[in-house]
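Asks: Assemble chain B onto chain A, guided by the hints.
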Amino acid sequence: MSNIIECRNIKKVYRNGDIETVVLKGITFSVEEGEFVAIMGPSGSGKSTMMHILGALDTPTSGEYLLDGKNIAQMSQDELSEIRLDKIGFVFQAFNLLPRATVLRNVALPLIYAGVPKAERERIAEQCLTESAFPKEFWNHYSNQISGGMMQRVAIARSLVNNPSMILADEPTGNLDSVTGEIVLHTFQSLNVEHGKTIVLITHESYVAEHADRIIHILDGQILSDEMNQHKRIAGHETQPIK
Amino acid sequence: MTTRDLWEETYSAVTVNKVRTSLTMLGIVIGIASVIAMVAIGQGSQSSIQSSIQSLGANLLMVTPGAQRAFGSMVRAQPGSAETLTPDDADAIVSGVDNITAIAREVSGRYQIVYKSNNTNASVVGTEASYATVRNVTMDEGDFITDADVTNSSRNAVIGQTVLASLFATTENASPTPDMAIGNTIRINGNNFKVVGVTATSTVANNDIYVPLSTAQHILVGSDKYLSEVDVEASSQSTMTQVQNDITNLLLTRHKISDSSSADFTVTNQSEIVSAASSVTSTFTTLLAAIASISLLVGGIGIMNMMLTTVTERTREIGLRKALGAKERDITLQFLSESVLMTFVGGIIGVILGWLIAIAISYFESISTSISIPYVLMAFGVSAAIGIIFGYYPARRAAKLNPIEALRYE
Numbered sequence: 001m002s003n004i005i006e007c008r009n010i011k012k013v014y015r016n017g018d019i020e021t022v023v024l025k026g027i028t029f030s031v032e033e034g035e036f037v038a039i040m041g042p043s044g045s046g047k048s049t050m051m052h053i054l055g056a057l058d059t060p061t062s063g064e065y066l067l068d069g070k071n072i073a074q075m076s077q078d079e080l081s082e083i084r085l086d087k088i089g090f091v092f093q094a095f096n097l098l099p100r101a102t103v104l105r106n107v108a109l110p111l112i113y114a115g116v117p118k119a120e121r122e123r124i125a126e127q128c129l130t131e132s133a134f135p136k137e138f139w140n141h142y143s144n145q146i147s148g149g150m151m152q153r154v155a156i157a158r159s160l161v162n163n164p165s166m167i168l169a170d171e172p173t174g175n176l177d178s179v180t181g182e183i184v185l186h187t188f189q190s191l192n193v194e195h196g197k198t199i200v201l202i203t204h205e206s207y208v209a210e211h212a213d214r215i216i217h218i219l220d221g222q223i224l225s226d227e228m229n230q231h232k233r234i235a236g237h238e239t240q241p242i243k
Numbered sequence: 001m002t003t004r005d006l007w008e009e010t011y012s013a014v015t016v017n018k019v020r021t022s023l024t025m026l027g028i029v030i031g032i033a034s035v036i037a038m039v040a041i042g043q044g045s046q047s048s049i050q051s052s053i054q055s056l057g058a059n060l061l062m063v064t065p066g067a068q069r070a071f072g073s074m075v076r077a078q079p080g081s082a083e084t085l086t087p088d089d090a091d092a093i094v095s096g097v098d099n100i101t102a103i104a105r106e107v108s109g110r111y112q113i114v115y116k117s118n119n120t121n122a123s124v125v126g127t128e129a130s131y132a133t134v135r136n137v138t139m140d141e142g143d144f145i146t147d148a149d150v151t152n153s154s155r156n157a158v159i160g161q162t163v164l165a166s167l168f169a170t171t172e173n174a175s176p177t178p179d180m181a182i183g184n185t186i187r188i189n190g191n192n193f194k195v196v197g198v199t200a201t202s203t204v205a206n207n208d209i210y211v212p213l214s215t216a217q218h219i220l221v222g223s224d225k226y227l228s229e230v231d232v233e234a235s236s237q238s239t240m241t242q243v244q245n246d247i248t249n250l251l252l253t254r255h256k257i258s259d260s261s262s263a264d265f266t267v268t269n270q271s272e273i274v275s276a277a278s279s280v281t282s283t284f285t286t287l288l289a290a291i292a293s294i295s296l297l298v299g300g301i302g303i304m305n306m307m308l309t310t311v312t313e314r315t316r317e318i319g320l321r322k323a324l325g326a327k328e329r330d331i332t333l334q335f336l337s338e339s340v341l342m343t344f345v346g347g348i349i350g351v352i353l354g355w356l357i358a359i360a361i362s363y364f365e366s367i368s369t370s371i372s373i374p375y376v377l378m379a380f381g382v383s384a385a386i387g388i389i390f391g392y393y394p395a396r397r398a399a400k401l402n403p404i405e406a407l408r409y410e
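Residue numbers (my numbering), protein chains in the order written: chain A, 1 to 243; chain B, 1 to 410.
Only chain A is shown next, with the shape it has when bound in the complex (with noise of 0.2 Å):
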């Protein structure tokens, strides 16, 4: 298996006027293809800082990120934007999507930028959309017209629509109750068990993160533990209902 994630000596620092404040102090990791990977820690910790760093919205202050085989560190942003279109899902807390569209087509938003014509976008919103079990009869509504729950399963859907080397999500039950939030785990480790899809969960929450393989600890900065999950959770929806 090749290397999805290569994070060599990472560090971050922020400059305001006199004062330097370094988030990152030197983080090295790497993700195979088809891992399921928790980074965990409090706020504070820089694990908002590591997940804009791997999601290519920003760049490292020194330090290699090698993403596919790609060194990433030193990109302008239209050419991270390239690399997000091509490479990355993002799943938000927020969900952010846009309102007034319809489902289908926030699903599809992505693969506007990458100039796919519109039968074609729609046939893989609706492949997506399948995939990420969205129940068929809301893919016409509003997306400001369903529940918080569905919101995160069609930005999960869209995540998906550019076939990602990865998908990054960043606290995606952080505004869930957690019925929902149970639902929405469990459909990011059927798409990591059945459709192999490598994903990386960013989360202060342990329960949330014990649904995941491998847990990577963040404190101040630095790596506390890298470690597999011995008790990995099961996130079960069959005896919830959707909604």
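Read the hints as simulated data drawn from the structure, not as lab findings.
No experiment lies behind these values; they were computed from the predicted model shown.
Be aware that a few hints might be false.
With a straight-line cut-off of 27 Å between C-alpha atoms, the simulated DSSO-like cross-links for lysine-lysine are [as the list claims (entries may be wrong)]:
{"id": "1", "chain 1": "A", "residue 1": "K118", "chain 2": "B", "residue 2": "K327"}
{"id": "2", "chain 1": "A", "residue 1": "K11", "chain 2": "A", "residue 2": "K25"}
{"id": "3", "chain 1": "B", "residue 1": "K194", "chain 2": "B", "residue 2": "K225"}
{"id": "4", "chain 1": "B", "residue 1": "K400", "chain 2": "A", "residue 2": "K11"}
{"id": "5", "chain 1": "A", "residue 1": "K70", "chain 2": "A", "residue 2": "K11"}
{"id": "6", "chain 1": "B", "residue 1": "K327", "chain 2": "B", "residue 2": "K400"}
{"id": "7", "chain 1": "A", "residue 1": "K70", "chain 2": "A", "residue 2": "K25"}
{"id": "8", "chain 1": "A", "residue 1": "K70", "chain 2": "B", "residue 2": "K327"}
{"id": "9", "chain 1": "A", "residue 1": "K70", "chain 2": "B", "residue 2": "K400"}
{"id": "10", "chain 1": "A", "residue 1": "K118", "chain 2": "A", "residue 2": "K136"}
{"id": "11", "chain 1": "B", "residue 1": "K256", "chain 2": "B", "residue 2": "K225"}
{"id": "12", "chain 1": "B", "residue 1": "K194", "chain 2": "B", "residue 2": "K116"}
Replies: The following block gives chain B in isolation, referenced to the frame of chain A:
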């Protein structure tokens, strides 16, 4: 991002807040409409001034005696007052200059005119039958001065509409008809003349009375040695300059003047008057358009203001789009096309509105207006350009947003 996708995104974005979009567009609508209407008024008055100058006569050249200046004096008398233009000069022009189709000699002066208890002061022109052709005089009723009148020095007079109204109005009838005048005798400077015709309303010569040249010379002026004007009609527009130069050279030779700047006569070319008037009216048109452009500028600032508000409101959406892979160019294009769509649609409505205003002005205010297609196309171009100019800064601001900050924005 394909053009079709761009259009769909743009359309759905501008239709979200219809009231705000319409109000912003209204600024452009008013701007474009006022430019179109103002230019229509300017161009309309330009063409009406041109046509009234043209109505003086086609291809007309007017030879008038120059201003008289005493030797060494700085005082210049009124132009035309000099007695330097003679009937012999007129004959020499007829025989010595090519491409002349007609010539009309005149003597003129202002005299008191009396009919019964009414009296008025009018310009009396003693002239020939050819005057009617050369100066485009049309008759309302009766006949113009004939060659026979000139030969016989008959005491016939042709009067203009203003003269008709001031002499023949009675307490019962304030607006007399031509047949009330024809056949009656009026007194010009104490001499009896019989009214034989009334000229139609013209733009310049309503307060004129025409009498035979010979009669005017003998009875009114008292001398047949001098003319106050010779009107020359050139054969075509293209020969006017040649005719003008030939007349100038001929008269300079005849009057033995070597330096053309001290000529004792003036040859006025009608097309020079037209172009002088045109330059005045085009300045006037430009001025009107410039004033109207200010409202267009204000409309453009309105577009910019709204686009900046939109960018702020949609910060999260922009961040999301960038996170999902939109490049700076995609975001710039999206916001730019929103502003261009608004100004372009505003431009179309503005052109239609401006057109309607122009039609309404010429209908209710009887100011002539004229709409030219180049100006309409220019208005479209300008409104699209305003969209680009005033939309560019907000669009770049959107494109430059940091996706991390934008996603976090509440």
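Asks: A separate judgement is required for each hint: does it hold in the structure or not?
Replies: Here is how each hint holds up against the structure:
Of the pairs offered as hints, the one joining A:K118 and B:K327 holds, with about 19 Å between alpha carbons and a cut-off of 27 Å not exceeded. The straight-line distance between the Cα atoms of A:K11 and A:K25 is roughly 5 Å, inside the 27 Å bound, and the hint therefore holds. As the CA atoms of B:K194 and B:K225 are separated by approximately 26 Å, the hinted pair is consistent with the 27 Å bound. With a C-alpha separation of about 25 Å, the suggested pairing of B:K400 with A:K11 holds against the 27 Å cut-off.
Distance check on the hinted pair: A:K70 and A:K11 sit about 18 Å apart at the alpha-carbon level, within 27 Å; holds. A hinted pair counts as satisfied when its Cα atoms are at most 27 Å apart, and B:K327 with B:K400 qualifies at roughly 10 Å. Between A:K70 and A:K25 the alpha-carbon distance is near 22 Å, which keeps this suggested pair within the 27 Å criterion. Under the criterion of a C-alpha separation no larger than 27 Å, the hint pairing A:K70 with B:K327 is consistent with the structure, at around 19 Å.
Straight-line distance between C-alpha atoms of A:K70 and B:K400 comes to about 25 Å, which keeps the hinted pair within the 27 Å bound. A hinted pair counts as satisfied when its Cα atoms are at most 27 Å apart, and A:K118 with A:K136 qualifies at roughly 19 Å. Among the hinted pairs, B:K256 with B:K225 is consistent with the structure: their alpha-carbon atoms are about 18 Å apart, no more than 27 Å. Taking the CA atoms of B:K194 and B:K116, the gap is near 13 Å; set against the 27 Å cutoff, the hint holds.
Consistency with the previously given hints is maintained throughout, with no hint failing.
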